[in-house]
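Peer 1: Residue numbers (the working numbering), protein chains in the order written: chain A, 22 to 107; chain B, 228 to 352; chain C, -6 to 288.
Some hints here could point you the wrong way.
[Stated by the list, open to error] Calculated pairs, BS3-like style, for lysine-lysine (alpha carbon to alpha carbon, straight line, at most 25 Å):
id : chain 1 : residue 1 : chain 2 : residue 2
1  : B       : K335      : C       : K142
2  : C       : K54       : C       : K156
3  : B       : K335      : C       : K141
4  : B       : K263      : C       : K43
5  : B       : K334      : C       : K141
Because the hints were derived from the structure by calculation, they are not lab data.
Residue strings, one per chain:
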Amino acid sequence: MDAVFECILLIGLVVTAIASALQKKLLNTVLIYTAYGLIMSVLWMLLRAPDLAITEAAVGAGVSGVLFFLTLKKIHKIKEHDSDEQ
Amino acid sequence: MDILSMIIDHRYTITAVVLFAIGMITMMLNPNLIKKVVGFNIMDSATFLMLATQGFIKGRTAAILIDGGADTTLYVNPIPAGLVLTGIVVSVSVSAFSLALIQRIYKKYGTINLKELLPVLKDGE
Amino acid sequence: MIQMSNDRFDKLKNWVDGTGPEHKHMQRSQQLDAVHYDTPKPEKTVAQQKASFNTFFKAYKQVAAVLVGVIAVFFFIAIFSMPEFGNPDNPTNNEVVERYVGSAEHETGAENVIAGMILNYRGFDTFGESNVLFIAACCVMMLLWRDKKCFTDEDRIALELEKRHEERDVILSVIGKIAIPVILVFGICVLFNGHVSPGGGFSGGSILGASLIIFSVTYGSDAVRRFMSERVYNIIRISGLCIYGVLFFIYIYCGANGIENGLAQLLVIIIDIAVGLVVMSTMFGFYAFYTKGEL
Chain A
22 MDAVFECILL IGLVVTAIAS ALQKKLLNTV LIYTAYGLIM SVLWMLLRAP
72 DLAITEAAVG AGVSGVLFFL TLKKIHKIKE HDSDEQ
Chain B
228 MDILSMIIDH RYTITAVVLF AIGMITMMLN PNLIKKVVGF NIMDSATFLM
278 LATQGFIKGR TAAILIDGGA DTTLYVNPIP AGLVLTGIVV SVSVSAFSLA
328 LIQRIYKKYG TINLKELLPV LKDGE
Chain C
-6 MIQMSNDRFD KLKNWVDGTG PEHKHMQRSQ QLDAVHYDTP KPEKTVAQQK
44 ASFNTFFKAY KQVAAVLVGV IAVFFFIAIF SMPEFGNPDN PTNNEVVERY
94 VGSAEHETGA ENVIAGMILN YRGFDTFGES NVLFIAACCV MMLLWRDKKC
144 FTDEDRIALE LEKRHEERDV ILSVIGKIAI PVILVFGICV LFNGHVSPGG
194 GFSGGSILGA SLIIFSVTYG SDAVRRFMSE RVYNIIRISG LCIYGVLFFI
244 YIYCGANGIE NGLAQLLVII IDIAVGLVVM STMFGFYAFY TKGEL
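Chain A extracted, bound-state conformation:
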């Protein structure tokens, strides 16, 4: 049963990674990248490494996402009607 749960999470990792790379708007890319970080944090917990889980949750999904959003604000890409080409 453990293997099934891990397989579902790993497939979720691959799906979020592909989806994050194929988006047209940059805001969606950053949101899906934050979800990727969250699933990675749960995987670290399943591999019995709690230090890595806390660090990945705080840094990968938290601070890194905030830095991406601030950069997007500075380059004026958080408008509704502004769609960026791939």
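Starting from the known structure of chain A, arrange chains B and C on it as the hints suggest.
Peer 2: Then chains B and C, alone, in the frame of chain A:
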């Protein structure tokens, strides 16, 4: 069924290689600079997944000592996790520095698409 | 002496910005060379340049795809000849692990084996990584510090827009009053308990940095400047790194693993707190320089 059972046995490392390939393709082919940074981060994560998988032992628990380390066969191998802990923080440092560079590039040239940037850069300015 | 260091700092700033007196000299000599030695090249038209760029991009895409395919094939071949996943008889579980796990309690004073290992047995790696964090914050400072001398009109307009957007949001204020103290205390707890439970310097420092970011978003940058001025920020960063260096040097000098248990535990706690301070100041520095251009 032999191939299927082999894939399920090596599920973590196969996912790590697939993620590495996805990250590398995104970093090399996408002309948008921010997607290059996201692809670079995905590559880093895949490497850490591959590394920390080598320390897992079935049936054992996390490496917090219960009895002062009397029985060492109760714990998972903690050495690869220590190496990955350094890597995660270095990865976020490099991302932050790349994003600062992107802000300055936008301020000077007005665009972050490589197909529009390269001709301007090649002319020299 | 202060006059001399001001001059040196000005020289460094001019060299980074490319506006020093030696650059004017180089531009002049380049102009002279261009007059005498450059033969006129036939200039490409705009259409020719675009065509060459298109062929370059097509060839680049194919070469990149082939390269990634070759690398992935090699990795797959390597995976299926690796040892089994989760086997206790793997070559990675050798006598080093038994020594680290068996002697972590009375040699390092930490019950969390990972924390004791990265601060004690592998302390040089963590020292290098703290240096990387420090240098990353310095590099972001160099790139994004708002230059008060050459303030263009765009900068003035951007500054006014930011000041207008800094009014306080009601929802953020109410939730901030409840949530920020809890996050702060949780961060301090994770930082101080790094040697007996999961956590440690990096996790605790990141949580403290995130709490400072939320505080700055909720209450404005002036409220943060009351207790985290530029001088306090620099003192925290530099003292964190220096305390780590000095204590680790003393530990190695006294014969590593020869110190008794109580003193080793105290050393691990202090070094953990130093690493946490460096990480916290780096994360908050990233946020501050991205939004305002100054601390």
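Peer 1: Would the hint linking K54(C) and K156(C) be met if the CA-CA limit is 25 Å?
Peer 2: Not satisfied, since the Cα-Cα distance of roughly 45 Å exceeds 25 Å.
Peer 1: With the threshold set at 25 Å, check whether the alpha-carbon distance from K335(B) to K142(C) stays at or below it.
Peer 2: holds (18 Å)
Peer 1: Are K335(B) and K141(C) close enough, with their CA atoms no more than 25 Å apart?
Peer 2: holds (18 Å)
Peer 1: Measure nothing beyond the straight line between the CA atoms of K263(B) and K43(C); if it is 25 Å or shorter, mark the hint as holding.
Peer 2: The given pair, whose Cα atoms are some 23 Å apart, holds under the 25 Å limit.
Peer 1: Regarding the pair K334(B) and K141(C), is the alpha-carbon distance no greater than 25 Å?
Peer 2: holds (17 Å)
In summary, the one numbered hint that this structure violates is 2.
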